[in-house]
Amino acid sequence: MSTNIFSRKRQIIEERSLSERSFSFIFILLVVLFFGVPLLWLVLAPFDAITTYSIKWPDWTLSNFSKINENPYALRSLVNSAVFSAGTGFLVILVGAPASYVLSRVKFAGRDVFLYVLLLFSSIVTGTAAMVPLFLLALKLNLLDTHHGVILVLTGGLIPASIFILKDFTDSIPKSYEESAQIFGASSWRILRDIVTPIIRPGLAVIFVWTFVQAWGNFLTPLIMIRDVNKSPAANMMYAFYTEGGTAILPLVATFSLLYTAPVLLMYLYVNKKYGFRFHGGIKG
Amino acid sequence: MSTTINKGSRAAKLGNSILGRGAVTAFLSPSVIFITIFLFIPAGWTIYLGLTNYKLTGFDAANTKFVALDNFLKVFQDPQFINSLKLSIIYVIGSAILGQTVLGFLLAWILSTFSARARNLVELIVIFAWIVPGSVVAFLWVAILNADEGTLNRLTGSKIEWLLRYPMLSIIVFNIWRGTAFSMLLFSAAITAIPKSHLEVARVAGATRMQQLRQVILPSARPYIYTNILLITLWTFNDFGPYLLTGGGPGGQTEVLPIFVYNTALRFLDFGYGSAIATVMLLINLFISLIIIKRSKRNR
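Read top to bottom, the protein sequences are chains A and B.
0 is the number of the first residue of the first sequence in numbering that gives the first Met the number 0; add one for each residue after it.
0 is the number of the first residue of the second sequence in numbering that gives the first Met the number 0; add one for each residue after it.
Think of the hints as simulated: they come from the structure by calculation, not from any bench.
Ideal placement from N, C-alpha and C gives every residue a C-beta, glycine not left out.
Hints should not be assumed to be uniformly reliable.
Facing chain A, according to a computed beta carbon distance under 7 Å, are these residues of chain B, among others [to be verified]:
1) 27
2) 130
3) 148
4) 149
5) 150
6) 158
7) 212
8) 264
9) 267
10) 284
Straight-line Cα separation of at most 20 Å, EDC-like style, residue types lysine to aspartate or glutamate; simulated pairs [to be verified]:
11) A:166 to A:178
12) A:106 to A:58
13) A:273 to B:148
14) B:54 to B:69
15) B:293 to A:111
16) B:158 to B:148
17) A:106 to A:19
18) A:230 to A:144
19) A:230 to A:69
20) A:55 to B:69
21) B:296 to A:167
22) B:296 to A:144
23) A:272 to B:148
24) A:55 to B:122
25) B:296 to A:178
26) A:66 to A:178
Covered stretches of chain A, as calculated for chain B (at least 3 residues, CB under 8 Å) [unchecked claim]:
27) 52 to 59
28) 199 to 207
29) 233 to 239
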């Protein structure tokens, strides 16, 4: 009798879990379609002899890639993007890393106030809310239409978050390495060069890739600061690949999109493989 | 014993750090200079310009005057501003709160019951959508939504000009596609952090998935959910992304506040009025940020 009830209950649970399972499966399938289908165009259209807006199995060819060479601005804009992104990545580290080290290790007077004000202002003063003074600043400092101008503005926008991430990273490393080296009489510079830098290198790599990806995709800063097509980055150049009649030159847009996207996807895969890209419950209410 | 050694060493002299006062200053100054130029000055400058009639061209350009609160009185009576504010609110609620948060949570929750392999694969697709540069994402959606050849019309057998007929819906779906990965990753960390034994107990007691969700997962994930909503509300409110897909059109139907500021100040060169709108944005940002910071202090 009691076994009967037990197996009945078990049957109900199994039926229920079966329907839950199929619901989960269908939901995930729909999500994969929603996110995957638009990406298919990016992967397939560049290799299609007749590129259209539709997603279809291509009539395979590599000839579309010659369109990139035919357009005088396409490759140059990718180079410009690389200059902006690498420049911003290096400058953010050069400026931000020393500050984040000090903020992590030295308890100077006013440190907590500084961190609070930095957090508050960096959340409030966003690129869109501050675009008017950023434009005027660039105008008055003769930074319009220059590569270093864009790099400086992008760096200014990315420094606060980079400092916070690097500070957290440094906080997680025990001070004991530095302290024991000190006891053995190593000079400060030697400790920084031979002990601190190697230890925080993964943090620096992650920050470099993060700032690189941010700058690589940034559209608003160059939109405000760059007028000369020869200095435009890929993000903005995509909007110039239209005929005089206003129709998109699809083979060019498709191949360019793939070339423009590939570097950041590869960087992500590399960082993910080497350092593992996941939140570890660090961001909490 | 060890304390005596420490007292005589450099550590005690330099305040328990390997750096002296000069080095500390040198390490901090570049960042302080950048932060002053690119955060503090722009904030003050925006508010100041909002109180003037500064224009780059026209009669007022040569005669910039202090107009006190005129711009701000004008802002709240300007139907274009009211329209933009409304669109921004719809954009935030639709794409950030209902879209990214709900979809991100469902994904993290359901994927937590999948094998690691299936989970990594699905996550990778969602993360790719997050990393692809915005300009490319915009074009992928232009292709999907195209009236004649677009995939959406092919699937539904219609001929709708989606970007013209449903522009707001289009930018909302576009932003959900682009941004869900962050919420998914955050919630996935939150669900992983729940002790396995809690879920085990619920399962042995015969709780359905829904009951496990309500009684175990939601209560422990709640702080993450609030943080996520606040953070992406702030980001989405300041997002210039819709410009990539619709340019604010057609006829201002997707002109969210960031695009309205851009059009007013940098296209029509009315810096004074543009800054007044930007100041309203700064105040809304301040309000959201203060809630975020207060919450994170309380939970620490």
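We went through each hint and held it up to the structure:
For residue 27 of chain B, the suggested interface contact is upheld, since its CB lies about 5 Å from the closest CB of chain A, less than 7 Å. Interface hint at residue 130 of chain B: satisfied, since its Cβ lies 5 Å from the closest Cβ of chain A, which is below the 7 Å cut-off. Annotation: interface hint on residue 148 of chain B holds; nearest CB of chain A at approximately 4 Å, less than 7 Å. About 6 Å separates the beta-carbon of residue 149 of chain B from the nearest beta-carbon of chain A, less than 7 Å, and the hint is met.
Taken as an interface hint, residue 150 of chain B checks out: its beta carbon lies about 5 Å from the nearest beta carbon of chain A, inside 7 Å. This hint is violated: residue 158 of chain B has a C-beta 13 Å from the nearest C-beta of chain A, more than the 7 Å allowed. For residue 212 of chain B, the interface hint is violated, the least distance from its beta-carbon to any beta-carbon of chain A being 11 Å, above 7 Å. Given hint, residue 264 of chain B at the interface with chain A, holds; its Cβ is 5 Å from that chain's nearest Cβ, closer than 7 Å.
Because the closest C-beta pair between residue 267 of chain B and chain A is about 12 Å apart, greater than 7 Å, the hint is violated. Because the smallest distance between the Cβ of residue 284 of chain B and any Cβ of chain A comes to about 4 Å, under 7 Å, the interface hint for this residue holds. The hinted pair formed by residue 166 of chain A and residue 178 of chain A meets the criterion: a straight-line CA distance of about 18 Å does not exceed 20 Å. Between residue 106 of chain A and residue 58 of chain A the alpha-carbon distance is near 64 Å, which puts this suggested pair outside the 20 Å criterion.
For the hint pairing residue 273 of chain A with residue 148 of chain B, the CA-to-CA distance comes to about 41 Å; that exceeds 20 Å, so the pair is violated. For the hint linking residue 54 of chain B to residue 69 of chain B, the alpha-carbon distance of about 15 Å falls within 20 Å, and the restraint holds. Restraint check for residue 293 of chain B and residue 111 of chain A: the C-alpha separation of about 15 Å stays at or below 20 Å, so the hint holds. The hinted pair formed by residue 158 of chain B and residue 148 of chain B meets the criterion: a straight-line CA distance of about 9 Å does not exceed 20 Å.
A hinted pair counts as satisfied when its Cα atoms are at most 20 Å apart, and residue 106 of chain A with residue 19 of chain A does not qualify at roughly 53 Å. Under the criterion of a C-alpha separation no larger than 20 Å, the hint pairing residue 230 of chain A with residue 144 of chain A is consistent with the structure, at around 7 Å. A distance of roughly 18 Å separates the Cα atoms of residue 230 of chain A and residue 69 of chain A; the hinted pair therefore holds under the 20 Å criterion. The suggested pairing of residue 55 of chain A with residue 69 of chain B is violated, with an alpha-carbon distance near 56 Å, which exceeds 20 Å.
A hinted pair counts as satisfied when its Cα atoms are at most 20 Å apart, and residue 296 of chain B with residue 167 of chain A qualifies at roughly 16 Å. For the hint pairing residue 296 of chain B with residue 144 of chain A, the CA-to-CA distance comes to about 42 Å; that exceeds 20 Å, so the pair is violated. The straight-line distance between the Cα atoms of residue 272 of chain A and residue 148 of chain B is roughly 38 Å, outside the 20 Å bound, and the hint therefore fails. With a C-alpha separation of about 24 Å, the suggested pair residue 55 of chain A and residue 122 of chain B falls outside the 20 Å cut-off, and the hint is violated.
Of the supplied pair hints, the one linking residue 296 of chain B and residue 178 of chain A is violated, its CA atoms being roughly 30 Å apart against a limit of 20 Å. Our distance criterion of 20 Å between C-alpha atoms is broken by residue 66 of chain A and residue 178 of chain A, whose separation comes to about 59 Å. Look at the stretch 52 to 59 of chain A against chain B: 3 of its residues bring a Cβ nearer than 8 Å to a Cβ of that chain, three or more, so the hint holds. Here the stretch 199 to 207 of chain A counts 0 residues with a CB under 8 Å from a CB of chain B, which misses the bar of 3, and the coverage is violated.
Check result for the stretch 233 to 239 of chain A against chain B: holds, 5 residues qualifying (beta carbon to beta carbon below 8 Å, three or more required).
This entry does not satisfy hints 6, 7, 9, 12, 13, 17, 20, 22, 23, 24, 25, 26 and 28, going by the numbered hints stated previously.
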